[in-house]
Structures are given as C-alpha cells and as structure tokens.
Amino acid sequence: MRRLPRWWPTALFFAVLTSMPLWITDGYVLQLIFRVVIFAVLGMAWNFIGGYAGQLSLGHVAYFGIGAYAMTLSTERIGWNPWLGVILGAVLAAIAALVIGSITFRLRGPYFALSTIAAAEIIRVLVQNQDELTHGAVGTNAPLLFQAPNLDAKFFWGAVPLLGAAFALSTWIHSSRFGYRLRAIRENENTAMAVGVNPAREKLLALLPSAAFTALAGSMYASYFSFVGPDTVLTLEISVQAALIAMLGGAATIWGPILGSIVLTLTSEIFKTYFEHTHLVVYGALLIVVVIFLPGGVISLFMRRSQFRRQAGPIGSVQG
Amino acid sequence: MARILEFEKVSKRFGGLLATNDVSFHVDDGEVVFLIGPNGAGKTTVFNLITGFVKPDAGIIRFAGQDITGGEPYEATRLGIGRTFQVVQPLAALTMRENVMLGTFLQHPRRKDAADRADQVLEFMGMRSRADQLASGLPLAQRKLLEVARAIGTGAKLLLLDEVMAGLNPREAEEVVGLIRRLREFGITSVGGVEHIMRIVMSLASRVVVLDQGRKIAEGPPAEVVHDPKVVEAYLGSKFVAEAKR
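Just so you know, the protein sequences line up as chains A and B, in that order. If you read the first sequence in this note's numbering, its first letter stands for residue 214, the second for the next number, and so on. If you read the second sequence in this note's numbering, its first letter stands for residue 6, the second for the next number, and so on.
No false leads were slipped in.
Below, in silico cross-link-like pairs of lysine to any residue (SDA-like), each with a Cα-Cα straight-line distance of 20 angstroms or less:
#1 K60/B - N403/A
#2 K60/B - L22/B
#3 K117/B - R390/A
#4 K14/B - V38/B
#5 K60/B - E402/A
#6 K367/A - F227/A
#7 K117/B - R219/A
#8 K117/B - H387/A
#9 K367/A - L357/A
#10 K14/B - S29/B
#11 K117/B - L382/A
#12 K162/B - G76/B
#13 K14/B - Q218/B
#14 K60/B - A413/A
#15 K60/B - R319/A
#16 K117/B - G392/A
Don't read these hints as lab results, they were simulated from the structure. If you're wondering where the values come from, they're calculated on a predicted model, not measured in any experiment.
If we strip away everything but chain B, and leave its shape as in the complex, we get:
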C-alpha cells in the first residue's frame, strides 16, 4: 500500500513548550488512523503541522511522496489534504450548500458546477434536504458534519478530523463513525484526532498513534495499544498502573 502521509522526526517548539517532540508516524492509503492522547498531548499541533498552519522546527512531512514541509495551508489543501477544525468554523452567514461550495469551488470554478458538486457531497452525507439552511442555525453535530462536507468538497484524498467527536452524544458520534467508514469506501483516507479512547473509535481505527506531552508513546492496532502500560499511565497516572500491577 502506498504511503499517503509520512511524518518524520518532526519537532515544534512554542517558546518553552515542545509541542511536538521528534514525532514520527505514517499513514497508508485507505487507512483510518486515530491520533489519541490526553488534553494538551499535541494532536492539534500535528494537524497544524501537516496542513502548514504551523511550520516545523525540524523534520520532514511528505504527502503522497512529495515534500510539503513548511508549505502554506492553501497549498496543502490544493494538493489534497482536507481538514476540519477543533473549534468548528462554519461561515454563519452562508447556507449549507454555499459552505460546501467554498470547498467544491477549488475544483469547479463555475458556480453552477460547484453547486451541483456541493449537492452531491451533501447527498452523500445525508444532509441534502437542509442545503438551503443557514449554517448559523445548525446544532453542533450538524456544524461538525458541515465542516467534514466542506473538506470533502475540496476533493481531499486525506482528511484530517480534529476532535470530530468532541461534544457529540453517543448516537451522533456513531453517525460520524459510519461516515468515516463510507469515506474509506470512497478512497478517502482519514486521520482523526480524539482525546478519549472510545470503544467506537477502537472499532474503526486500523491503527492508533498515542501522543503524550508532545511525544509519541505508543503506536499500533487499537486492541494492543489500550493495554500498553505507558498509555494507561498517560491517561490515568502512574499510581493507577502500579496498583493494577499488584
């Protein structure tokens, strides 16, 4: 399988904080990988590094074999990296269709074509009936899905979903999981970032990469990773690990 993303020995320092400390991982075409780690582990920074919102101090980032280290965010998008933001940012004054059109305009310069493509994406997401609704009136779950739709609309081959489950109830999270499964069928590789090790995420991910305080502490199939003492320690503290061993 082809490597779609390679993240090699990347470091990023913000003042005195090493937000990303010599982290390496890769993602293969068609995989679903989750970055997990407690609050402040550096998941968002990794997403920002891949998409060029933050420039690395060291390391190399490749997308489909091409070196994209230090590129601009809009260049990453044009290459085929779509992303959603942890804090959802729909354009409130625009309708859902128009929001998705912002994405589809990238490959369809004409308004009519962009609108048609946006409708297809909304159809795929099961949101077609609300295409004419304003984004400002949407509940959180719908706004998150709208962000995903906009990213898909850009024609992304790799989708970075930052905390796409946060704030959703279990049923809504299930919906997102189903969506990510369908994305894979469409040839879109997803990398999700989540704070909690959720059962549903575990069933979805082919691999998980665990970050803690900017370092990668574990990587592998979800079933193995959850039993890794370092992972348990990162989430629950060393005392818990010691007690569990007794």
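This is chain A alone, in the form it adopts within the complex:
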C-alpha cells in the first residue's frame, strides 16, 4: 500500500473545516466552531512568542483589543471600509508590539509576565478614559465585515483562511532557523547568544507576527459579536485564554493550539451550561488537572513520547 503524503492530515482537516457551514445547519453549533477557530488563531499567535520563544506573555489582549478598536473606530470615525480597518488594526498592533516588546523584553521570568499584564492594562485604561474617541467604558457597536444573509457561514469562511495563514506561519517557524533560534532562547538565552543569536531581536521578530495575528483575530471576533468594549476585548481573561489554549494543547507545536482551542472552548461551554455559577471553578480545576497530569498538553496524548519530546519542550521548560 502506498503511504499517504505527510500533508494529508492538514489537507483533510482544512477541507472538513471549510465544508462545515454546508452541513451544519444549527447556527449555535456553527457559532461555537467559529469561536474555536478564532481562539485557535489566538493560541497560535501566542505560541510564536509564548511557546517557541518561551516568553510567557499575559498581555496579548492588548493586541486583540487594538485590532477590534482599530477596525471599529476607523470605520465609525473616518468612514473607512471595515476591512481596511482590519488591516490597520494588524499594523497598529505590530507597532504597539514593537514598543511594548522593547520595554518588556528587558525583563525575564515572572517580571516579564507581569509587565505584559501592565502594558495591556495601560491600553485598557486609555481606551476607557478616552470617551470622546472610544465611547469609554460603555463600548460601542462594531461594524459587520460581511453582509446578511448567511452571516454565520460567511464569518466562518472568513475565519478559516486566517487560521490557514497562522497555521502556515507556524509550520514555517516550526522547522526554520528562526524557530530553532526561538527554542534556543526559550531553553537558555546564554546558549542562544553563544551560537550567535541576538535574543532581543529574535523575540521582537516573533512578537510582531504574534501581535498582528492576535489583532486580526480580535477584529474578526468583535465584528462577529458586533461589539467592542473594554470589558469584552480588553480583559485579562483573553490574555489568559491565549496562553492557556497554547499550553493546554501543547506549547511549541503546530497542532497544539488547535487542540487547545477545541478542548478549552468546548469544555467552558459545557460547564457554562451545566454549572452556571460555578463553571469557572470547575474550569480552573480541570486546567490544574491537565497541567499536572499532561504537562506537554493534550497533544502529547496523540504522539509517541519520543516524537513529542522532539517537537516541544514540556510546559515546565517554558521559562516564564
């Protein structure tokens, strides 16, 4: 029997995913899968810097929010096409990443993580207080990127190429010199420097596409739910989710963030339905269990141990 080519699981996955709106008629289910896709993009984007380079950013919501607000405000205030606003969001997020990165990357470990939270909080407070421009804490309606009818399907088909692009970049990073250098930085910055790597530069280079993809996910998310507000697109919860999705699925792997998004989005949905008020507790407990018993993420269940070790370091080796 001839062996199937190595890319067949990827082709199959994207073919099935793309076809979903054709055979899933339940709007709720489609919306759920749309969220899985958007959060998979978020997890992948986080994985560039948090997984491969091991820099535990807890401020990615800053870029998410910048994407959402740039699209909304450029449409509302200067009458741009919302798609142009989406691109503006990605560019602005990359610029913000350059600024935030050059400051926060001076710090290591927990201090770095805390400084990223602080950076995101600064942006949230700024947005909240610039009522004139941003509608402050109340928030405002986000423009629709697609027109009715079949909005759910159109948004879904808008999100899939975004996942495809993030997937392609992940695949490249995974086996390129750049990706190896990021792993070297994650494991040991001194060793990385001893092989000629400038850690500050490589970390910034990883953060730029990470921020841009996070912004793209943010604008699409905001448009789908037709709303931007500090409490929805600038909350710490989204930063935490980005990191959890990647680590839950398997940090520094290509498929990890997709698995992580499926597991996290679906379980949190189930818990919300059955445990209403206590769902966050159950959800937190689940995370602790996974982190203790599956430190390599859900993906480690699907790979032989040696194969997994070759691909990724366990969460424990991610230096905060």
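Fit chain B to the given chain A structure using the hints.
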C-alpha cells in the same frame, strides 16, 4: 604567527572583588593555551570577558586584530569565537543534530544545509551515530562534547573551552585531549580553562597562563610553569613551598 587573541591589561570588578586584576596574555593562531588556576582564580571571568558576557572595567580585548572590547556575546560568536560553558547547557528537548544545527545555522541559514554541516561536525567528533538522540538523555561526557560540537558548528576559529575536563574520568579526558589535537589540525585555536594541572593538559598545551585570585602569576611552557614557586604556592600554600625549599 598571527595573534588571534590579545587580552591587554584587563580588569573587572564585581562589587568588592577584583575578579580580573590587570591581566594580559595573548594567543597565537594554531596554539593550544590553557588557563589554569585554583577554584575562584578568575578563569571563567576571563572567558566571559572575551565573549562579551561580562564587560571589562578597563583594558582592551582584540580578536584577530579587531577591538572587541565591550561587544555583545552574539557578536563575538559571529566574529568566530566559540565557547562552551562550565555548566553544560545543551538544549534538552532537541536532538544532538538539532543542538549542533543551532551552531551551524549561523553560516548555513537553510535547514538542510545546516543539518548536513551538523552531521559533518558530529562525524568529526565521532558522534554521528547518535545524531538522532535527545540531548537530555546523554551522559555528562557526551554533553560536554556536544557543547564543543555546537561551538565548532558556528565556524569558530577560536574555541574557549571552560572546564571541559571537569567531571570526566581519565579515559574521557583523554578523548577530549585527542579532540583538541585534531581541532588544531583543522585550524581551530583552542583556549582551555582547567582547575588542575593535569599531566595530559601539560602534554597538550603549548603554553599555560596561571591565574590566582584574579591576577596572572605565571605564564610559559607547561614544564617550566609547574616548577614556578608562585604556582606551587597558589595550589598548595606557602607552607608547602617553604618546606620544599628546606
């Protein structure tokens, strides 16, 4: 012979400790020089100063005639200074080949070329058959050799080997000595740092530089240096020297 490394009147202070006190020495192309000295003599600091991990307070460091004083570690590597660390730091989650590729990527940006070059380096080191093994499972001696392989992979012309013999049994140390000899044949100049004056090091080194408490106390061919009273004193204490004289 061309000077590959010049270390001129370099000083470095850490708080109240003069870790490097007005130390000067040089290394010629193709030489094997060993820095020796008791624990805490300042050997690692000298290596850190050359590679930019530590910036000097005074003095000049030149590599192949170029002033590299105060440069960044990755710049030193790019110029051709390779190093190993006293505490070995292989990237545990990567295979041996991938570890060496981190080095070879410097001159071979494409993955395939970097992998081929890494295999050549591993072949040279006699470790080719273990290329696919994870670095985490290696015994100490192999991890040390892997560090050397990674440094060679960067295309280094000068190799700084910090305590490369420490923790190895005599047979393994012999292996490293053989390796350093072969490196010289390949045009790689080595500077080793060791704590103990070992017979095998003595046979290998063209010169040794002896450090004690941050100062250079002696320099010269190994056979002469071991009989220098200052060196004996640094290692064994002044009482021993006095007794030996009687």
